[in-house]
Amino acid sequence: MSLDLSFWEPPDWKRETRVNPLFWVFVAVVIGVGGLSIGLTVALQRATELGAQHDMYKIDMARISAQYNGVEKSKKLYQSIEKGVLLNLRERVARRRAMAPTLSKLFKMVNDDIVFDALSLKGVETVGQKGASIKSMRYSLIVSGTVFGTDSEDKLSEFQQLFKDEEQGFGESMLSSEVTQIDSSGEESGVAKTVFTIKSEFKEK
Amino acid sequence: MLKKILSNFEWKRSADKFGPKRLVVFVVNSECTKVVVLNRCNDKVVIEETLMLPKWDVENPETSLAAFKRDYQIDAHYCSVVLQLDKEQVRVLNVPRNDLRDNLGAAVFELMGSDDSQAVVFDYDETQASTAVVPVFAASLPLDEAEGFREEVVDALMQPVSLDLSTSVILNFVKKIAGGGEDYSSFFYVGDVSSVFVVFRKGSPVLVRHFGTGYRHVIESICQEFGFNENMALDTFFTNSFDFSTSMRRFTPWFHQLGICMDYVERHLHGRVRTMNVYGLGSRSKFFCDSLQSRIKREVNVLKTSDLLADYVEGEVDDAQAEFFIAIITAVEVMLGGLSK
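As they're listed, the protein sequences go chains C and A. Everything in the first sequence is counted per this note's numbering, starting at 537 for the first residue and increasing by one. Everything in the second sequence is counted per this note's numbering, starting at 51 for the first residue and increasing by one.
Bear in mind the hints are in silico, worked out from the structure with no lab data behind them. One or more hints might be untrue.
Label-pair ranges, simulated between beta-carbon atoms [claimed, not checked]:
1. A/356 with C/572: 53 to 63 Å
2. A/107 with C/572: 51 to 61 Å
3. A/356 with C/537: 20 to 30 Å
4. C/537 with A/167: 50 to 60 Å
5. A/322 with C/556: 53 to 63 Å
6. A/125 with C/562: 41 to 51 Å
7. A/361 with C/549: 17 to 27 Å
8. A/361 with C/572: 45 to 55 Å
9. C/566 with A/352: 26 to 36 Å
10. C/556 with A/107: 32 to 42 Å
11. C/572 with A/125: 55 to 65 Å
Please read these numbers as outputs of a predicted model, since none were measured by experiment. The beta carbon of each residue, even a glycine, is placed where N, CA and C say it ideally should be.
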């Protein structure tokens with residue numbers, strides 16, 4: 537043990553001891569440079585990506601303005617609208633009207649034992665060929681009613697055959713036909729009843 | 051102003067929790083200023099630079115510490131100063147054990163005969179505190195002098211570490227090399243302008259005596275008597291090629307005082323000092339040791355400086371560096387003191 541005969545207080549060495557601040561400066565510089573380079577890389581990448589997208593979906597303003605400014609172009613536009621919307625509607629109504637006599641003729645030929653409760657005819661528009669001005673139509677027909685008598689299945693199949701008939705019915709344009717027998721009762725009491733629903737789809741002839 | 055701000059940044063410093071890694075020591079005496087710059091390397095120190103500068107005068111700005119630092123490009127943040135005064139007040143005070151706890155400071159002031167203008171430091175070996183009378187070591191210095199040197203160091207943008215008297219430095223060093231063992235052992239340091247005599251009893255110093263005489267004074271008298279120039283006198287003094295016994299007569303009081311110290315040990319402490327261990331640059335002269343031996347009538351054992359410092363200093367210590375003995379051991383104390391704790 538040595539004697540402490542110094543006239544000055546020695547410095548507190550623990551306080552003097554620190555990590556060299558130059559080291560922290562170095563670390564800060566490394567982090568800064570690293571962050572900057574990463575940021576720049578990401579920004580550049582994004583910019584090139586956006587540029588590519590912009591080229592892909594470029595809107596040709598010159599073409600559009602020419603189209604809308606010119607009188608002839610606007611006339612053409614009107615024609616296309618008339619053709620696509622108004623004429624199409626008219627034709628559809630006409631077609632439905634044309635289909636009605638066929639249906640009424642068909643229903644007259646049906647067996648007397650079949651009584652119809654409800655009938656619904658819906659036109660479902662299908663996507664036609666590209667460029668076609670009038671799209672082809674598809675219809676769905678739902679018929680529900682009651683069959684009296686014992687051999688209800690035979691009568692119903694006969695009814696379906698009538699629909700599929702080439703000359704009087706719809707023929708090949710009939711896409712599908714599905715019979716659902718909901719209830720069959722009354723065989724014991726002598727008056728047999730069968731409630732049925734027929735869903736069928738067909739396209740226009 | 052900018053320099054002062056910059057000096058507060060820690061990256062300018064070089065220290066760890068054990069102490070400074072780089073230290074400059076100034077030994078200030080009445081003739082010159084000795085400067086040593088040292089580096090710590092593991093558990094040893096490396097002497098980087100030794101300089102002999104003009105006297106450090108606080109009054110003269112040309113020889114201030116800041117001027118030295120600028121002119122000689124001394125590059126170190128931590129600074130220790132050792133004062134080598136002609137009359138040094140380092141004493142062993144025998145304080146009764148009861149006084150230790152109550153009012154040791156006042157007791158030491160009284161025993162040293164100091165007033166408010168003096169700075170007094172003291173310390174004692176706690177392992178000796180079980181005895182009835184505890185030896186307390188005290189040193190005193192004018193307060194304004196201690197503060198003046200401190201201000202100088204701060205003005206030179208350095209961090210003050212320690213201000214010691216050369217006697218207390220020698221005392222601490224001898225305490226290290228003395229060890230236990232013999233009953234009484236004595237160590238005599240012969241420096242250039244001062245010498246210190248310490249008597250040990252079982253590893254604890256019982257007598258400390260400072261002399262304002264060193265081998266430089268012997269050489270001065272040789273120059274006067276024989277008409278040599280200084281270099282020639284130094285050569286002849288250290289090569290033992292000349293008999294200077296007549297000129298040594300002037301130094302009879304010096305050796306006589308040593309004899310009185312020996313007698314004191316024999317009469318008051320009832321022990322006999324058989325050998326005197328002599329070290330320092332002055333002990334390199336065989337002629338000096340012989341005349342000392344014939345005077346004090348004890349066996350003189352010469353300790354080599356390079357051997358003494360071999361445990362602490364990396365590499366050989368040559369003749370030129372042995373002159374900076376006090377500076378080196380001060381630095382060793384400061385730099386390696388924390389490692390041993």
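Where does the structure disagree with the numbered hints, that is, which hint numbers, in rising order? 4, 6, 9, 11
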